[in-house]
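Line by line, the protein sequences are chains A and B.
Number 40 in our numbering belongs to position 39 of the first sequence; there are no gaps in the numbering.
Number 141 in our numbering belongs to position 38 of the second sequence; there are no gaps in the numbering.
It should be emphasised that the hints constitute simulated quantities derived from the structure, not laboratory data.
None of these values were measured; they are calculated from a predicted model.
Glycine included, C-beta positions come from ideal geometry on N, C-alpha and C.
Please note that a few of the clues may not be correct.
[As the list claims (entries may be wrong)] Simulated DEER-style distance windows between Cβ atoms:
1. A:Leu191 / B:Lys210: 27 to 33 angstroms
2. A:Ile267 / B:Ser342: 47 to 53 angstroms
3. A:Gln274 / B:Pro349: 34 to 40 angstroms
4. B:Leu302 / A:Leu191: 50 to 56 angstroms
5. A:Met71 / B:Met348: 40 to 46 angstroms
6. B:Ala388 / A:Gly187: 15 to 21 angstroms
7. B:Arg292 / A:Ile98: 39 to 45 angstroms
8. B:Pro349 / A:Glu232: 32 to 38 angstroms
9. B:Asp294 / A:Ile98: 51 to 57 angstroms
10. A:Asn111 / B:Met348: 39 to 45 angstroms
Next come the chains, spelled out residue by residue.
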Amino acid sequence: MNTKQNTLTAENRRKTVMSVVLAVICVIYVLPVVTVVINSFKLNTFVKTETFALPTAESSAGFGNFITGMTFGNYPFWKSVLYSAVITILSTVLILICTSMAAWYITRVNSTFCKIVYYLCVFSMVVPFQMVMYTLSKTADKLHLNTPWTIPIVYLGFGAGLAVFMFAGFVKSIPLEIEEAAAIDGCGPLRIFFSVVFPMLRPTMISVGILEIMWIWNDYLLPYLVLDINEYRTIPIHIQYLKGSYGTVDLGATMALILLSIIPVIIFYLTCQKYIIKGVAAGAVKG
Amino acid sequence: MRPKKIKGGYTLKAPMRRWSWLFMGPVLIAFAIGFVWPFIQGIYLSFCKFRLISDAELIGFGNYVSAFKDATFRHAFWYTALFTVVSVILINILAFMIAYVLTQNIKGSNIFRTVFFMPNLIGGIVLGYIWSMIFDGILSHFGTSILLNAKYGFWGLIILMCWQQIGYMMIIYIAGLQAVPEDMLEAARIDGATKWQSLTKVTIPNVMPSITICLFLSITNGFKLFDQNLALTGGQPFSIMPNGMPVKETEMLALNIYNTFYGQSSASTGVAQAKAVIFFILVAAIGLIQLYATRKREVQQ
């Protein structure tokens with residue numbers, strides 16, 4: 002009894018020690034973000050020399066950085082936020098609707114043509130973007146897909162592989178009887194898909210949606226090559242532009258912009274954390 | 104209940120075919136624009152000399168010869184390989200350790216998990232910018248910068264990637280660790296196995312699937328790395344090779360291809376496309392090995 006208690010307390014002590022160690026690592030882990038917050042309130046000259054000090058009366062810029070940052074690089078920041086949001090939302094919705102329809106058709110009809118399309122999709126998942134970036138950007142340019150309202154078509158094309166693959170995997174697990182029952186009740190394919198199959202796809206919808214949102218929101222190279230850069234800049238493009246003019250750039254104001262661009266991501270993460278972690282795990286296992 | 108094999112008897116097949124244009128059309132058109140056509144054209148152009156696609160002229164394997172002869176490309180390859188090996192080892196060991204500790208009923212493990220995963224959602228360009236500020240903040244006290252020494256650039260990128268990827272791999276390892284049968288561990292404990300023995304003899308063999316996934320994910324992530332590389336150092340510093348060629352010391356494969364396409368000399372687009380094809384074959388080979396490894400695992404289950 003006594004020894005058992007002893008091992009129990011030893012076990013508890015060990016766990017407390019581990020908790021403390023992890024807490025320390027956690028603090029180190031958030032330090033980079035804290036540094037961004039601190040420096041977004043500092044005057045430019047102090048960012049480089051006193052990176053890790055809190056803003057003092059002398060080095061503080063107040064909210065000045067956030068105001069100057071808004072018109073940085075001769076481009077209004079709110080515009081890039083808007084374009085990023087438009088592109089991410091439109092592309093994700095388009096991908097979810099179109100690829101789930103295609104995946105259902107491919108799995109159910111299962112003709113030779115469907116199999117070819119399916120294997121092409123699987124194949125496209127291993128092709129790195131650099132392989133197609135030059136020709137893709139020229140093709141998109143020729144077809145005038147270089148605006149935030151048309152680039153979702155490019156995203157649908159390049160991102161279809163993973164989405165079709167994940168949806169098809171899920172559709173295979175849906176019993177045919179449900180759809181057949183609906184067919185007997187007089188539903189056509191369209192109604193069966195949208196009122197029977199579509200609701201059942203919800204868990205995969207969330208996983209695929211999260212993966213696409215994370216990819217498209219943060220994507221830099223594809224929109225940079227496809228979009229008309231003088232008109233339309235997403236957040237990553239805008240920030241890379243600022244970095245390109247290193248030296249002349251106001252680091253404090255850049256940190257303010259970075260902070261503004263991280264805040265929505267962190268809010269999104271904290272509210273949908275459960276789905277995000279699940280979606281990522283699902284995507285990793287399948288992709 | 105297992106779904107029935109799809110037979111010709113599926114009542115919906117015929118009516119579905121009538122709607123095929125609606126179900127398949129949008130994806131097929133976009134897929135053709137966004138993938139199939141650029142891919143085929145890319146293969147074709149890698150055998151061509153061109154400035155504009157319209158005046159491409161077949162020259163055979165010349166671009167590939169130039170690509171392999173290009174010292175910057177070879178340097179980028181070895182640099183990428185070295186980076187991948189180091190980052191894969193560090194990321195996986197650290198992620199596994201954290202996942203292992205987090206599955207031991209630790210207080211606050213949910214908060215820890217949330218924090219460790221967070222950097223994953225921040226984009227590569229922003230990450231690169233954040234870390235270049237941090238590294239320069241430290242290095243400026245020693246009168247140097249991350250852009251001046253390739254060693255700093257290398258380890259800086261390793262730290263950045265660890266910070267970003269450990270949380271991701273940790274999630275996969277946690278899922279694997281939670282699936283280890285409790286009674287197996289119990290049996291090992293009753294048989295008098297030490298903690299270390301039950302870790303190496305019971306836990307690790309049972310999470311092998313997760314280890315395979317994480318290894319391949321981190322390998323492909325390392326090989327395809329672009330945004331972080333561009334934003335953190337952009338390939339700097341420059342040095343001169345023995346043969347007089349300038350080379351960007353911290354330039355990885357994807358960035359090298361990008362710079363060949365859009366760099367100073369517009370005559371090298373063909374060579375760049377050939378490099379891109381070589382790059383594709385490399386990455387696809389890794390992907391195929393992964394497919395084979397996971398298939399083998401499925402058979403065993």
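Do the hints match the structure? See the list:
1. With their beta carbons about 52 angstroms apart, Leu191 (chain A) and Lys210 (chain B) fall outside the hinted range of 27 to 33 angstroms.
2. One distance hint, 47 to 53 angstroms for the beta-carbon pair Ile267 (chain A) and Ser342 (chain B), is violated here, with the actual separation near 39 angstroms.
3. Between Gln274 (chain A) and Pro349 (chain B) the CB atoms are about 47 angstroms apart, so this pair departs from the stated range of 34 to 40 angstroms.
4. About 54 angstroms separates the C-beta atoms of Leu302 (chain B) and Leu191 (chain A), a value consistent with the hinted range of 50 to 56 angstroms.
5. Take Met71 (chain A) and Met348 (chain B): their Cβ atoms lie about 44 angstroms apart, and the range 40 to 46 angstroms holds.
6. Between Ala388 (chain B) and Gly187 (chain A), the C-beta spacing of about 51 angstroms breaks the proposed range 15 to 21 angstroms.
7. Between Arg292 (chain B) and Ile98 (chain A) the Cβ separation comes to about 51 angstroms, which falls outside the hinted range of 39 to 45 angstroms.
8. Between Pro349 (chain B) and Glu232 (chain A) the CB atoms are about 34 angstroms apart, so this pair conforms to the stated range of 32 to 38 angstroms.
9. Checked against the hint of 51 to 57 angstroms, the pair Asp294 (chain B) and Ile98 (chain A) passes, with Cβ atoms roughly 55 angstroms apart.
10. Between Asn111 (chain A) and Met348 (chain B) the beta carbons are some 54 angstroms apart, a value that contradicts the proposed interval 39 to 45 angstroms.
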